[in-house]
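Student: All chains, full assembly: derive it from the sequences and hints.
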Amino acid sequence: MKRRAAIALVLLALAAPAVRAQERHGRPWQELTPEEQWRAWENYQRYQQLPEQRQKNLERRYQQFRDMPPQERQRLRQNYDTYRGLPPRQRQEFIDKYHRWKGRK
Amino acid sequence: MRCQRARKWMTAAVDGELSPRRRRALDGHLAACAACRRELAVTERMLTALEGLPMEAAVSARLEQATLRRVRLAAADEAERAPASRWTRWLPLPAFALATAAVLVLAIGIVRRTGQVPGAPAVRPAPKLDARGVAQAPPSLLRPPRRFAEAPPAEPPAKLAEAPDLFVDMSIIRNLDKLTHFEAIQTTTLDDEPATPDGLEPPSNG
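Just so you know, the protein sequences line up as chains S and R, in that order. Numbering of the first sequence is given in the numbering used here, commencing with residue 1 and proceeding in unit increments. Numbering of the second sequence is given in the numbering used here, commencing with residue 1 and proceeding in unit increments.
To be clear, the hints were calculated from the coordinates, so they are not data collected in a lab. Mixed in with the good hints, there may be bad ones.
Using 25 Å as the maximum straight-line C-alpha spacing, the simulated SDA-like pairs for lysine to any residue come out as follows [claimed, not checked]: (1) S:Lys56 to S:Arg66; (2) R:Lys159 to S:Pro28; (3) S:Lys56 to R:Glu155; (4) S:Lys105 to S:Gln92; (5) R:Lys159 to S:Glu31; (6) S:Lys97 to S:Arg73; (7) S:Lys102 to R:Arg22; (8) S:Lys102 to S:Gln53; (9) R:Lys159 to S:Gln92; (10) S:Lys97 to R:Met170; (11) R:Lys8 to S:Tyr47; (12) S:Lys102 to R:Thr11; (13) S:Lys56 to R:Gln4.
Keep in mind the model is a prediction, meaning the values are calculated, not measured.
Tutor: Have a look at this one:
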């Protein structure tokens, strides 16, 4: 019994870094769908062209996003879908509202 | 503030990344500098156009049907012409596969190169007029061509392999602030203060 518990503890200790890494960085590349791999690859190439400061900002925001509870992340995804679905005029209006809202904060 | 610094801060301002103090300084500069106002308007339009880029190319039902019809015709043609010898009995199958692959590659190539689905009507939006009545460049001119057409590598670079979701969700991450406060932003009113001609906010010096 003790031996089993010890083995379980060792396995847990071995698995913990991988779990932590997944929590921090998300899914591994192999788990992405082909469409997601395309999107990630294209965005990666755009990312490489950004100045270093912008890259760091993105990484910081990504960590904020990863640290959010799953429901909150889901809410943001839904908001993004809504935003993408807006006609160009309404989207521009939203951006104008965002600047106005940001200025009032 | 000099124009060089103002331009350095512009993308951060568009993304809502600028601190309120810097934002005020930038607004102060923009109020006095028409060239930087124009630059900011272009930056905003570019970033909006970038966000509007499709994640994937749509293929119309018409193109799909036409492709399938051509493949069927090619296969039937091959079957009719197939000689009776033993090894050539297998010819229709690779011919069918080749024809399918060729038509698909052609279709994807057309869509990716032109951004236009063959057979779909080309819609050209009327040029937008800004507050001064000057025609702005149509979105098609602002939208940069899709430069990254090559397939992702089997072995991704270290950065991409380390955090692929960063790049999958980059559009969300870029707009994190907007999306987090989406509802509050939507209920914000625009009509209490008039915007400046460039669509910029008036400088807030308070």
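Student: Give a verdict on every hint.
Tutor: Verification of the supplied hints:
At most 25 Å may separate the alpha-carbon atoms for a hinted pair to count; lysine 56 of chain S and arginine 66 of chain S meet this at roughly 15 Å. Of the supplied pair hints, the one linking lysine 159 of chain R and proline 28 of chain S holds, its CA atoms being roughly 12 Å apart against a limit of 25 Å. The hinted pair formed by lysine 56 of chain S and glutamate 155 of chain R meets the criterion: a straight-line CA distance of about 24 Å does not exceed 25 Å. Between lysine 105 of chain S and glutamine 92 of chain S the CA atoms are separated by roughly 20 Å; this keeps the pair inside 25 Å, and the hint holds.
At most 25 Å may separate the alpha-carbon atoms for a hinted pair to count; lysine 159 of chain R and glutamate 31 of chain S meet this at roughly 16 Å. At roughly 22 Å between alpha-carbon atoms, lysine 97 of chain S and arginine 73 of chain S fall within 25 Å of each other, so this suggested pair holds. Annotation: proposed proximity of lysine 102 of chain S to arginine 22 of chain R holds, straight-line Cα distance about 13 Å (limit 25 Å). Distance hint between lysine 102 of chain S and glutamine 53 of chain S is fulfilled; the C-alpha atoms sit about 21 Å from each other, no more than 25 Å.
The straight-line distance between the Cα atoms of lysine 159 of chain R and glutamine 92 of chain S is roughly 33 Å, outside the 25 Å bound, and the hint therefore fails. Under the criterion of a C-alpha separation no larger than 25 Å, the hint pairing lysine 97 of chain S with methionine 170 of chain R is consistent with the structure, at around 22 Å. With a CA separation close to 17 Å, the supplied pair lysine 8 of chain R and tyrosine 47 of chain S stays within the 25 Å bound. Restraint check for lysine 102 of chain S and threonine 11 of chain R: satisfied, since their Cα atoms lie roughly 15 Å apart, inside the 25 Å limit.
Taken as a hint, the lysine 56 of chain S and glutamine 4 of chain R pair is honoured in the structure, with Cα atoms around 21 Å apart against an allowance of 25 Å.
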